[in-house]
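Participant: My request is simple: use the sequences and hints to build the entire structure.
The sequence shown begins at 0 in numbering that gives the first Met the number 0 and counts up by one.
Be careful, since some hints might not be right.
DSBU-like mimics (lysine-lysine), calculated; alpha carbons at most 30 Å apart, straight line [to be verified]:
hint, residue 1, residue 2
1, Lys-455, Lys-6
2, Lys-38, Lys-10
3, Lys-455, Lys-38
4, Lys-38, Lys-6
5, Lys-6, Lys-52
6, Lys-38, Lys-389
7, Lys-52, Lys-10
8, Lys-544, Lys-455
Just so you know, the hints here were simulated from the structure itself, not pulled from any lab data.
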Amino acid sequence: MTARPPKLLSKTFRSVFWLALRIDPAAAIRGLGWVIRGKRVRGWNRLCVVAAKNPLCFSTWARVAEHRQIENFCAGEVGVDPRYQCVIIDENLVNSEDVRATVESVSRAFGDDVVIWSGTQIAGTRPYDQEAGLARLIAMLSETAATEWLLPIRAGDVLSPSTGEILRHAQAHQPDAEILYWDEDVRRGSGRALPWIKPDWDTLLFLARDVLMGACIVRLAAAAVSKDAQSDASLPGAGIAATLSAIVETPGASTPVHIPFILTHRSPPLPDPNLTSGLDEIAMHGAGRVRATQGDRWAWRNVVPADPADWPAVSIIIPTRDRHTLLEMCIDSVRRITYAGAVEILIVDNDSTDAATHALFKRYRESGLARVVSAPGDFNFSRLNNLAAKEANGSMLCLLNNDIEALDGEWLSAMVRHAVREEVGAVGAQLLYPDGSVQHAGVVIGIGGAAGHFGKGARPDDDHYGSWIGVTRCVSAVTAACLVVRRDLYMAVGGFDEDNFAVAFNDVDFCLRLDQHGYRNVYVAQARLVHHESQSRGLDDTPQKSARFLQELGALRQRWNTDTYRDARFSPLFSRTSEACVLEFQA
0 MTARPPKLLS
10 KTFRSVFWLA
20 LRIDPAAAIR
30 GLGWVIRGKR
40 VRGWNRLCVV
50 AAKNPLCFST
60 WARVAEHRQI
70 ENFCAGEVGV
80 DPRYQCVIID
90 ENLVNSEDVR
100 ATVESVSRAF
110 GDDVVIWSGT
120 QIAGTRPYDQ
130 EAGLARLIAM
140 LSETAATEWL
150 LPIRAGDVLS
160 PSTGEILRHA
170 QAHQPDAEIL
180 YWDEDVRRGS
190 GRALPWIKPD
200 WDTLLFLARD
210 VLMGACIVRL
220 AAAAVSKDAQ
230 SDASLPGAGI
240 AATLSAIVET
250 PGASTPVHIP
260 FILTHRSPPL
270 PDPNLTSGLD
280 EIAMHGAGRV
290 RATQGDRWAW
300 RNVVPADPAD
310 WPAVSIIIPT
320 RDRHTLLEMC
330 IDSVRRITYA
340 GAVEILIVDN
350 DSTDAATHAL
360 FKRYRESGLA
370 RVVSAPGDFN
380 FSRLNNLAAK
390 EANGSMLCLL
400 NNDIEALDGE
410 WLSAMVRHAV
420 REEVGAVGAQ
430 LLYPDGSVQH
440 AGVVIGIGGA
450 AGHFGKGARP
460 DDDHYGSWIG
470 VTRCVSAVTA
480 ACLVVRRDLY
490 MAVGGFDEDN
500 FAVAFNDVDF
510 CLRLDQHGYR
520 NVYVAQARLV
530 HHESQSRGLD
540 DTPQKSARFL
550 QELGALRQRW
560 NTDTYRDARF
570 SPLFSRTSEA
580 CVLEFQA
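Facilitator: Below, the structure is given as structure tokens:
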């Protein structure tokens, strides 16, 4: 559920208002005015969106809001009393003061429930020989009585004082978990910055950047059986990373459990993801490769699956009504694709009357560039795509709006590489507005009680909150403005729902049905296109269109409970009221 706005004079409200006032005074005063006039939700949401642009927003959230969310999570008693073994990874011979800071934070978080191992002689730790190899270290840890969990942490990194209490409650709710992991940020002086807020487990995200090492606990029993990963690693850091990789890739292994709190505070410099052992070998179960990308704050490795043995034929479906210049721009850009398989273009004509548009249709038909499928009647986006899907010759469908402009020739290949995989459902692209800001980087279920585009309005190279935008990852849904899916899969789940979602939310409903059938939907960050949104269809700005939208919104909420839906591909630390990636200040 969406949190209620705070009281007008509360510390939380004052903090957010001042953040907004300092970054955009006019917008802050306008938001305050809405609150005073009784439009509390609208005003509060506006203040939060503006405040999020302030560089001090995260540190303010950590000071005024984080502790309340932790208190709510840890409410009540649990009958769990786990014991831990913490291994400090100090292979780079860091300053002993950094090691001491780590030791003190671990002791403060766990008290007497932890045994701390370090390669550096520090009071309160047990020594281990880093040159002896991981296998020997695991054996030594296993001999220590009454401990079942391994906590690896890099020297210089520190834990939140609440870590032990949060883990006790998390383990009580997830007693069968083999790995539990959490969020992290970076130490900056005496403060904190650059939060990496993570979703629930996603193998694609794990391959992009190791979400586990230094921010997780793993059962010693699970680590001990990963002999192959241990035998090749002489240094504990690389060996533990490889062991974690081996555990999550073991058939039948339990899925790592995400704890949505920032418990690890990293010490610069941040670890290089290209040094994470084992990820290349397990990429997409050995069927893919990893391509490194570098952000200003975070480094990432985007997964590129192997090329299919035979590239499937693709039918690109483009519904349209008049607007010949828009359609011509779209198709001219599509013609630049460098796709290795066969491609056909199906234009779905929904009652075009413009002579220039019909002349364009004729030119495309005569040149063999495209087929034109007639679909008269009221605009029903779902019906148009379903009709074309039945007419399509390709085994792969690409649903494409007529207001899409491709930026290069590689986008279709990048999407098909994922779409051909048997576990994958719908595949979406990164869509940009003409000004270069993000229009689509995956759809989040539950935003506004319905669904919304993650990071809408951000810049594509923005590293805000760990660069969700620039990383190929699993999402709950993708927009049908550019969506690739296998034709047999489209038909198997019934295509788009023409009756309940003629215009809005048809893609969301379709993707959720794919998810319900066990398929994962993927957002491909490397596939970039421009979306001149709704220039052909127009906006929902008439009474009839507004009524239709509200009816479809009601259908979405009734079918998928989006008022209370908890999107595992999102984070509860983010507000459900905004697409702009805003931290939730209310508990």
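Participant: All the hints need checking, so say for each whether the structure fits it.
Facilitator: Do the hints match the structure? See the list:
1. Lys-455 x Lys-6: holds (28 Å)
2. Lys-38 x Lys-10: holds (20 Å)
3. Lys-455 x Lys-38: holds (24 Å)
4. Lys-38 x Lys-6: holds (13 Å)
5. Lys-6 x Lys-52: holds (22 Å)
6. Lys-38 x Lys-389: Cα-Cα ~48 Å, so violated.
7. Lys-52 x Lys-10: holds (19 Å)
8. Lys-544 x Lys-455: Holds, at about 23 Å.
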